[in-house]
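Chains as they are written, first to last, in my numbering: chain A, 61 to 179; chain B, 475 to 589.
Quick caveat, the hints were computed from the structure, so don't treat them as lab data.
One should not assume that every hint holds.
[As the list claims (entries may be wrong)] Covered stretches of chain A (chain B as the covering partner; in silico rule of three or more C-beta atoms under 8 Å from a C-beta of chain B):
no., region
1, 98-104
2, 168-178
[As the list claims (entries may be wrong)] Listed next, with one range per pair, are the computed distances between beta-carbon atoms:
no., chain 1, residue 1, chain 2, residue 2, range
3, B, His-588, A, Gly-113, 41 to 51 Å
4, A, Lys-101, B, Gln-545, 33 to 43 Å
5, A, Ser-149, B, Tyr-513, 42 to 52 Å
6, B, Thr-494, A, Pro-146, 33 to 43 Å
7, A, Gly-121, B, Asp-483, 23 to 33 Å
8, A, Gly-76, B, Glu-538, 46 to 56 Å
All C-beta atoms in this analysis are idealised placements derived from N, C-alpha and C, irrespective of residue type, glycine included.
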Amino acid sequence: GAVVSQHPSRVICKSGTSVKIECRSLDFQATTMFWYRQFPKQSLMLMATSNEGSKATYEQGVEKDKFLINHASLTLSTLTVTSAHPEDSSFYICSARSGGAWATNEKLFFGSGTQLSVL
Amino acid sequence: AQSVAQPEDQVNVAEGNPLTVKCTYSVSGNPYLFWYVQYPNRGLQFLLKYITGDNLVKGSYGFEAEFNKSQTSFHLKKPSALVSDSALYFCAVRDIKSGYNKLIFGAGTRLAVHP
Chain A
61 GAVVSQHPSR VICKSGTSVK IECRSLDFQA TTMFWYRQFP KQSLMLMATS NEGSKATYEQ
121 GVEKDKFLIN HASLTLSTLT VTSAHPEDSS FYICSARSGG AWATNEKLFF GSGTQLSVL
Chain B
475 AQSVAQPEDQ VNVAEGNPLT VKCTYSVSGN PYLFWYVQYP NRGLQFLLKY ITGDNLVKGS
535 YGFEAEFNKS QTSFHLKKPS ALVSDSALYF CAVRDIKSGY NKLIFGAGTR LAVHP
C-alpha cells in the first residue's frame, strides 16, 4: 500500500531554535497534504492544509508565521516550527491524499508522526 | 458544523469477546465516515470508510462498522477481539464544506483487550 514517510520521528531542541519536519509520499503523488497536532491522550487537531505549488491554508488560531509550511513538490511537504518554545512540544502528524478529491479511490495515508520536545 | 463524538474514553474487552467502539456524528447532508487506528507513537492507519451503499462496512484486520442513519451512529465492531487490537481508535467525518476534504476527528477511544 501507499506509504508516507515522516522525518524525524523524534526531535529535541532548545527554546528559540527552529525545527523542520518532512513529510514524503513515497509511491504516489500528493497534491494535498495535511498537518495535524496531537496532544497526549487527545485527538488530532488539523493545523493546516498544504497544497503543492500554492500557499497553505491554516486553521483558525494557528499562527502561519510560526508554523511555516512548504509544499514544493508533489511528494514533499515540510513543516517548520520557528522559534520553538516549550508550549510547542507536541506530536505532529502529516497525512497525504492519494487520488483526486471525491474520487472513489481517494485515501488519506498518515506519516508515523514526529515527537517534538522543546527544552 | 460537522462533528463526531466518541462517548467512551476507554473500552475494556476480554480476548475472544466481541468489541464495540461507539461513534455518533452530526453532519449536514450525507455523511462520509471513517475509522482509523493509532498505535503508540505512530501515525494513523485506515480501517474502513462509509460513503454510500451497504450500511455494514467491512474493513481491515476483521473490523467492521455499521452505519445507522436514524441513530446517526457509526459504531466500530469486531466479533472476536485480539490483544493486538489494543490501540487508540478514532472516528472521523469528512468536512464537506472544506474544499480540501479535510477530516474532523473524534476525541478517540482507547481499546484495551485483556488476555
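Verification of the supplied hints:
1. 98-104: holds (count 4)
2. 168-178: holds (count 7)
3. His-588(B) with Gly-113(A): 41 to 51 Å: holds, 50 Å
4. Lys-101(A) with Gln-545(B): 33 to 43 Å: 27 Å Cβ-Cβ, so the 33 to 43 Å window is violated.
5. Ser-149(A) with Tyr-513(B): 42 to 52 Å: About 21 Å separates the Cβ atoms of Ser-149(A) and Tyr-513(B), which means 42 to 52 Å is violated.
6. Thr-494(B) with Pro-146(A): 33 to 43 Å: Between Thr-494(B) and Pro-146(A), where Cβ atoms are some 39 Å apart, the hint holds.
7. Gly-121(A) with Asp-483(B): 23 to 33 Å: Hint holds: Cβ distance 25 Å, inside 23 to 33 Å.
8. Gly-76(A) with Glu-538(B): 46 to 56 Å: holds, 49 Å
The structure shown violates the earlier hints numbered 4 and 5.
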